[in-house]
Amino acid sequence: QTSYQTEYKSTFSGNITSMNPYTTEALSDYMFIANLIDGLVETDIYGRPVPSLALSWESSEDKSVWTFKLRPDVYWVDAEGNKTEYQVTAEDFVSGLRYVADPKNTASNFSTIRGVIAGLYDYYKLLAAIDDGEDKGMTREEAERSFDETVGVKALDELTVQYTLSASYPFFLSFAQLDLLLPVKQAFLDQVGKDFGTGRDKLLYNGGYYISQWDLDKQLTFSKNPHYWDLDKLTLDTLSWEYVSDGVSRLEMFQRGNVTSTSLTSEEVASIRGTEWENYVYLSEKTATTYWFSFNFATRNPEAAAAMHNVDFRKAVFTAIDAVTISAIWEPEDPEFFTRYTLLPENTMFDPDGVDYTDYPALQPYKGQDPFDEKAARALMKNAVLSLCEADGVTLKGVEACQVDMLPIADFKVDGKLPIDLVFSSGSSETEMKKAALVKEMLETYLGKEYINVILGHSTSSFSADVLDRGNWDLYDDSYGFRYADPSANMNRLISEYDITESSYQVPEFDAMVQEANSKTDIKERYTLFSQAEAWMIREAYVKPYMTGGGSYNMTRIVPFTEPGGYFGMSRYKMKGALIQETPVTARQHLELQQAHEAQRALLAQEP
Amino acid sequence: MQYQDRKKIFSARDVVVKFNLRGKVLTAVRKASLDLYEGETLAIVGESGSGKSVFTKSFIGMLDKNGYMESGSLALDGQEYPGTQSEKEWLNIRGKKIAMVFQDPMTSLNPVKTVGQQIREVITWHFKTDKETAKQEAIELLRLVGIPEPEQRYKQYPHQFSGGMRQRVVIATAIACKPRILICDEPTTALDVTVQAQILQLIKELKDEFGMSVIYITHDLGVVAHVADRVAVMYAGQIIEHGLANEIFKDARHPYTKALLLSLPQLGEKGRDLHAIKGSPPNLYKEIKGDAFAPRNPEAMKIDFLYEPPMFQVSDTHFAKTWLLHAQARPYTDALDREGIKDTEPLRSSRPAEGKEPPLLSVKNLTVNYKLGRRTFCAVNDVSFDIHAGETFSLVGESGSGKTTVGKAIMKICHTNAGEIWFQGKQVNKKLARNELAAYRQAVQMIFQDPMASLNDRAKVEYIISEGLYNFKLFKKDAERRQKVSRAMESVGLMPEYLTRFPHEFSGGQRQRIGIARSLVVEPSLVVADEPISALDVSIRAQVINLLNRLKAEKQLTYLFIAHDLSVVRYISDRIAVMYKGRLVELAEAEALFRRPLHPYTRALMDAAPVPDPEIERDKKVAVYNPAAHDYTREGPAWLEAEPGHYVRANRAELADWLKITHGRGAGV
Amino acid sequence: MKRYYLSKLGQAIITITLVVLVVFALLRFMPTAGYFSKEQWKDMSEPEKTAYLRSLGVLDPLLVQLRRFVTGLFSGDLGRSIVMYPNMPIASVLGDKMAHSLLLNLLSWFFSALIGMPLGLAMASRKGGLTDKLGTLYVVIIRAVPSIIIHFFIQIYCSRWLGLPLLFYLEQPISWILPILSMSIGSIAGYGVWLRRYIVDEENKDYIKFARVKGLSQRYIMWRHVLRNAIVPIAINLPADFLLMLSGSLVIESMYSIPGTGGMLIKSIKAMDNPMVQVLVLLYGALSVFGVFLGDVVVSFVDPRIKLVDSNG
Amino acid sequence: MDNYSLQSPPFEPGKDAVLPQELFTRAEFSEQAGEDTGFTNYSYWRSTLNTFFKSHLVKVIVVLVALLVLFTLLFPVLTDKDPYQVALSARKWNLPPSAAHPFGTDGVGRDIWARVWHGTRTSLILAVAVAVVEVGIGVIIGAVWGFYRKLDTLMFAIYNTLTNVPSTIYLVLIAYIMKPSVFTIMIALVATGWISEARWFRSRILALREADYNIASICLMTPIRRIISRNVVPHLMSLVIMSAALTIPASIGSEVFLSYIGVGLPPDLCTLGNLVNQGRSAFLVYPYQMIIPTLILCFITISFYVIGNKFADASDPRNHI
Ligand SMILES: Nc1ncnc2c1ncn2[C@@H]1O[C@H](COP(=O)(O)OP(=O)(O)OP(=O)(O)O)[C@@H](O)[C@H]1O
Ligand SMILES: Nc1ncnc2c1ncn2[C@@H]1O[C@H](COP(=O)(O)OP(=O)(O)OP(=O)(O)O)[C@@H](O)[C@H]1O
Ligand SMILES: [Mg+2]
Ligand SMILES: [Mg+2]
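Residue numbers (the numbering used here), protein chains in the order written: chain A, 1 to 608; chain B, 609 to 1277; chain C, 1278 to 1590; chain D, 1591 to 1911.
Here chain A stands alone, though its shape is the one from the complex (with noise of 0.2 Å):
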């Protein structure tokens, strides 16, 4: 048998700024977390949810009450990997929505469960009005306590937690492995306070890894937790991290045996051509994450926002953007290998018959359709042109010549005349920069440098500061991920109320037919309707999706579909299972690997 490497090597670049699970911003933290604390459910390596610290859950009727019956005799480790007194009981579940929902605790992703939970919100907002110092008739200690019976959690017995939903969620299954839902021991947050995860012995563990070692921004390592529940399915003894700031010393590491898995450039890619090595990167899977291009509705720049509002032009202007060009940017190579042009990710929901929710028929004409078409674009262009200007050809009708401030990112002046100026916003790191430059020749070509003028706005310092806060945009490339398994994780999120987007536009057709969908239990009736929804946002060209997610070239040394699978929540980032070789897994390896994976997933589909 091939013997299996018991240490997972990796690194960190950025500092890490918490081990607090509830407080975890960048997907490294995830890593951490997810292997330090184990929430209600998991995934095994389908992706399938399978229980974890919950034994087994039922759900009421409409899928709005879920009840979770937890696993006896866990008990929680401290930093040295000593069982401590504490048992992981039902209330330290509700304790963990507690920490969450009081706004002083400032949990990132709030936003993602604060409409799923029975009275969770009012009890944030009714905290943070108290804090701003507005009268609410009780003190913060009073609303404190005000909690249990408010907010939709309730540990029924010692081993019992209850979640009362705002509404019907049937896929509450997934909100169920997120990190807010993580459990937290009481007795132990009142005695750390602030200090709450900020070092290793700020922290109580209950998955299979404790913080044996963490040197600020230098080193951090987990050691096996010798108390895991599951402590056979724990095929490493130890996982590290080392810091690194520098991209290009990863691949040399990766070369020289010092980290397990590496990602590449493309320019690194290029690198190594030629050598062994090439034989061993393979592209990892897209994410869920999709890029889609959007406009803003409410900016400064009069001639933008007069031509927005036709759809012509903002069919033009997407039908004029060459997805496979960008994505060369990353991969000159094999560029449609990351192109998406629906709004939600194919592969990862599918219905009781197991038909991908991008299959469905409202989608057929967007799915792997590529909209760009020089001639078409310039021909609606020039349709939009006719009705925006007067009738001397060049007069955008009812635009004042001004001066348009966009300070940081731009200033400028509109003549009101044609060409159309129109702001492209873009962070300034390397490849946004790249990206935007392209973006700005492919419009200014292939729609006309007579009809449009691309002006590029990069921002360096905050983008939501310099950008977002300022409405300093036309035009801007944004990204999503997806948090739950439903296409409402993103739907709900485009609404002319909710707008995400911060595109300022009104679809009160787009609203219809979102709350519609949402309120329906029957999945394929769900799906129906939500991906009418979405082919009527890509078709009025509010938004113009382009490209996936993730997906790089990697290097890595672990036996590929051996860890968790999935696109949600936490259980995907656990080392649980995961088999290192002595050797970097072949390109040839990991299509076999694949193939078989899949065809596996797609058997275990079949099943009931």
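Hints are computed from structural coordinates only; laboratory data are not their basis.
Some clues are possibly wrong.
[Claimed, not checked] For lysine to any residue, the following SDA-like pairs were computed, each having C-alpha atoms within a straight-line distance of at most 20 Å:
#: 1; chain 1: D; residue 1: Lys1644; chain 2: D; residue 2: Leu1660
#: 2; chain 1: B; residue 1: Lys910; chain 2: D; residue 2: Phe1619
#: 3; chain 1: D; residue 1: Lys1682; chain 2: A; residue 2: Pro335
#: 4; chain 1: A; residue 1: Lys382; chain 2: A; residue 2: Ser428
#: 5; chain 1: A; residue 1: Lys104; chain 2: C; residue 2: Pro1366
#: 6; chain 1: B; residue 1: Lys721; chain 2: C; residue 2: Leu1447
#: 7; chain 1: C; residue 1: Lys1315; chain 2: A; residue 2: Asn490
#: 8; chain 1: B; residue 1: Lys1189; chain 2: B; residue 2: Phe985
#: 9; chain 1: D; residue 1: Lys1769; chain 2: A; residue 2: Ser428
#: 10; chain 1: D; residue 1: Lys1649; chain 2: B; residue 2: Asn1025
#: 11; chain 1: D; residue 1: Lys1769; chain 2: D; residue 2: Ile1851
#: 12; chain 1: A; residue 1: Lys136; chain 2: C; residue 2: Thr1327
#: 13; chain 1: A; residue 1: Lys440; chain 2: D; residue 2: Lys1644
#: 14; chain 1: D; residue 1: Lys1769; chain 2: C; residue 2: Leu1303
#: 15; chain 1: C; residue 1: Lys1486; chain 2: B; residue 2: Phe985
#: 16; chain 1: A; residue 1: Lys440; chain 2: D; residue 2: Leu1678
#: 17; chain 1: A; residue 1: Lys104; chain 2: C; residue 2: Leu1303
#: 18; chain 1: C; residue 1: Lys1315; chain 2: A; residue 2: Thr23
Given chain A, work out where chains B, C and D with the ligands should sit, using these hints.
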């Protein structure tokens, strides 16, 4: 003693020293030769830049890196040593056989090592003596050079010593290895006259004690008369005349030496111009043809412009390098003798009308304090005097006595802490209105000490002279300004063509004259001249003094003349005030003061001033002024009138004593 | 003397207070939107945003914030980081990091003095010679080429040619070589060129000429007279150099992944981690002011002329 | 004075003892000639320039820099190559140097030749502007500061504060207030640099201020303004030139550093700093993308550094006699 009988211990022959300077070659010493006899003091005199330092430095291989001895030979005790030795070989000569003392005692000692260490290291280095013995020797040396409490002083750092003391330490270091020859390169220029006299005395004593020969470099003929057995005169890189001190002073043959001696203000007669040497010393970059002095010598012969004269022998010990000594020059010299020394022109007198009119400037109880860190230092302390229109009023005193500060206070470029200054009936040391200030500034002008520093090198002479005209708007049309400027140039003896030149193209004397033109073009009535000649070469001092005197008469000026050199002061001034540590100690008519100096400080100052006459100087004893000698316990000092117009700071008792001592005493000169 | 120390201390405190106040005020000009990442900004509702800002302590009035900072300082509490290391006590974060920076800087300082000083000496004593020319070439390149480029090449090529680790590990002294080399390469040039300059300056002084006239050898003069004086101006800066080592080196520490303090300031400014910025500014300000002060003290030992009296500029 | 022809042989005593008697008569005396013996036609600037250009290295560098400056300034006129022209076909990206693209193309097909020269141009203009403004302000403020003792307290407070506040703070703030641009970065660099220049010039001016010629000007009631402009600043001219020359490599270095930490400059602008930093990430695969701008940058910085130092040597009054 017959000089020929003395042993010759050192000789330099035909030394040529050149410097590479920014791509050009400068010849600093041109075939200079020199002999040194055992036990003698040889003084080398010559003005700044004549090559005295470079010549002597070449004896011990101390030329700057860009300099080299091109030819010539050096011999010590009859043994020749080439001038281009390796650094290592020089070490056997330096310190041990030939030692040298530099001009500035302030910078000659390493500031971070104790005085003792610096003396001791020479001894241990050369004789490998053990530390303890060397230390004892060093202390002994300190005692020898007259440093009190040498054991304590041994452990102190140079900055804890005064200038004179430091020079003593330097001398102690130099003689630590009992060298055969001690070269003193202007060791007293940076010191006060009173201290200078002491150092000269010390060198004399040490010479006898150690049996050394001393080469003494100076440009001060008075000092020469004091120390020298033999004198060598240097001009433009050559020794042009040398001989025993008496021979040089009484029977100089080279026209330059003669002119130099004649031009000394000590010999000047009040009311007459001094004998001045015209022109300025030559530029060493250029090739010098013939006799270097010829262009400045109105009596030069044609041959002087053509051929360099050889060294002619006058007596056994007296040599001079001038064609005048050539046999064929006899007729010419005879003719010159018949002409005799031309008398200088008499000056138009501008003696003020005595006492009637109110004084032009009146200083009353002036006090100026400077802040030094947290302490205040009183630079001028309760000084009062009047200056009458048309007179030359001099202020003398040692360095640091506050003379310049008084001048600055009058010029309103320095604050006053107490007292009043009145000018033409108006108090001026307060805030003046703009037009009042302008009127005052125009009426009172200043002439500075250092001609190198007092002209802005980046402006043309024309601008420099016009500056005042612009500021006081003294012209209507530009042509008028130009005319005034040209006239000013002419009045100081410079050609108006020079107006477009920059100051650095002029020699020191010329620059000083430009400075004078700048001050006088605005037609002031009072001129404060702060040591206007002390930074000038000896050969051109007389020019400037004459110029000042002449302009005074022409333009009805009044001078406040600041100096530390009594000889000049006596010649130039009507009244003299003596300053000591911020206070006036004596004030009198010039002649009265010299006839009967009362205050012991004044007397010390007069004694210390060297006189260019070896006979007087040779056995002069210098009295040192000791401020502790006053007995002010019973009665404090006051400003007393000893004789009409002769004031002195004293109490009654001591004044009576002084009057007794000085009764009938004649002037020193 | 005591008065002198006190007045210097007073000046230092005033300077630092001014600096801290200025920085404090400047930081509050930053738009609060900068505290949100793009995702947070979009995901968070208004009450969430407000709550977040409140928890960071940036919504309070300026004076309240200032008082909090100052009272914290006086009770010995440097506060907690808000963005970079949320809730971590700044003192403990900096403590660990400074140890790293100090270790490497000390070594590199030692190393550069060890090489730089003899280099300067060699250049000065063979002025105009080959050593001098090569040394000058080195100095010119180090001074003129932006250091980032130099460090980059050192990391890439030296690690390859010498087979040295690419990153820094505390346990592996061999991995210290490259960072120390990078850090020293500039200061070697610094020490070399300054020492050379000072030696040459000293050599032109009269007392050196006088020492030569005394017949002492060039070597003796160099060691016993020139060096002692030439060191004085270098000694003035030593304490400040030494103290500022605690501030680490941005580029090198980031290249070799050294968990030091280098770049902390820049990162925390960009992250708008106000408490962190304030503490760092306070610290660095205090270090440099104190360093200058110590420099005066050191020099008063080396140079007997200097008694500690007031002097400005 | 040359009444006698130069052809006459030099006299050697002894060789021929009898000389024409005519020579032993009085020569014509001219006071003018006497004055002129001391005349040197030395000029500070001429002497400085002579020494400066004595070195062949300097000659070569000055010529090369002049050519470079001329070329980069004229570059937009000489060619219409657009440094921002992106290629829409991925096949034109990252091309190695060729005839069409002498320095190759970058990650989105922009011509590195054009980018490099535009970058050099921008960086040079920036550096020169910073040098001129910074040194200009430094001289003026330094002069005023030097002449008015009363300003000491204020200026030292400003100096201490400015030098103790890390410049990054201003940079980030300025970047918030203003659009990142060459102008912004210039302001930022000047904002942090002027005070040191001012202090440096102040110390020079303190030495000059007490000079007698300034006191003479005060006695003649020359206004301070004119004393500064006519007496003081001309003496500082060589220092001004030197520190301007030395500020140029420093500014370019700062620009590289600032673009490294990503502050101040528009990140898509062609400047040497941006080009070098962008080239860095691709260095292993496409080394030319970094090496070419780096070489040019090093050439410029080294040249100006050498020019500054050589000029400092040549103009140092201590080397003039
Ligand atoms: N290192 C040097 N480089 C170039 N020229 C020099 C150097 N040292 C001296 N000179 C020149 O050599 C000439 C003679 O100088 P030297 O110092 O011997 O004059 P001096 O007679 O001693 O004058 P002083 O009375 O001013 O000391 C001067 O013109 C001077 O400029
Ligand atoms: N600006 C100043 N600050 C502090 N002390 C000063 C200042 N100017 C002069 N002094 C001191 O005041 C005293 C008198 O100086 P002043 O220049 O008036 O003397 P002086 O008689 O002209 O001397 P010298 O003959 O050397 O020119 C000196 O001890 C000097 O050190
Ligand atoms: Mg001399
Ligand atoms: Mg004086």
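Here is what the structure says about each hint:
1. D:Lys1644 with D:Leu1660: Not satisfied, since the Cα-Cα distance of roughly 23 Å exceeds 20 Å.
2. B:Lys910 with D:Phe1619: Answer holds: Lys910 of chain B to Phe1619 of chain D is near 10 Å, not above 20 Å.
3. D:Lys1682 with A:Pro335: Holds - the C-alpha atoms of Pro335 of chain A and Lys1682 of chain D are around 15 Å apart, at most 20 Å.
4. A:Lys382 with A:Ser428: Roughly 33 Å separates the two Cα atoms, so the pair is violated.
5. A:Lys104 with C:Pro1366: Holds, because 18 Å separates the two Cα atoms, which is no more than 20 Å.
6. B:Lys721 with C:Leu1447: Distance ~45 Å between Lys721 of chain B and Leu1447 of chain C Cα, so the pair is violated.
7. C:Lys1315 with A:Asn490: Distance of about 16 Å is within 20 Å: holds.
8. B:Lys1189 with B:Phe985: At roughly 11 Å apart (the allowed maximum being 20 Å), Phe985 of chain B and Lys1189 of chain B satisfy the hint.
9. D:Lys1769 with A:Ser428: Between Lys1769 of chain D and Ser428 of chain A the Cα gap is close to 14 Å, so the pair holds against 20 Å.
10. D:Lys1649 with B:Asn1025: Cα-Cα ~58 Å, so violated.
11. D:Lys1769 with D:Ile1851: Within the cut-off at roughly 17 Å; holds.
12. A:Lys136 with C:Thr1327: 17 Å, holds
13. A:Lys440 with D:Lys1644: It is violated: about 53 Å lies between the C-alpha atoms, which goes past 20 Å.
14. D:Lys1769 with C:Leu1303: 18 Å, holds
15. C:Lys1486 with B:Phe985: Violated, at about 34 Å.
16. A:Lys440 with D:Leu1678: Distance ~10 Å between Lys440 of chain A and Leu1678 of chain D Cα, so the pair holds.
17. A:Lys104 with C:Leu1303: 26 Å, violated
18. C:Lys1315 with A:Thr23: 16 Å, holds
The structure fails to meet hints 1, 4, 6, 10, 13, 15, 17 from the earlier list, while all remaining hints are met.
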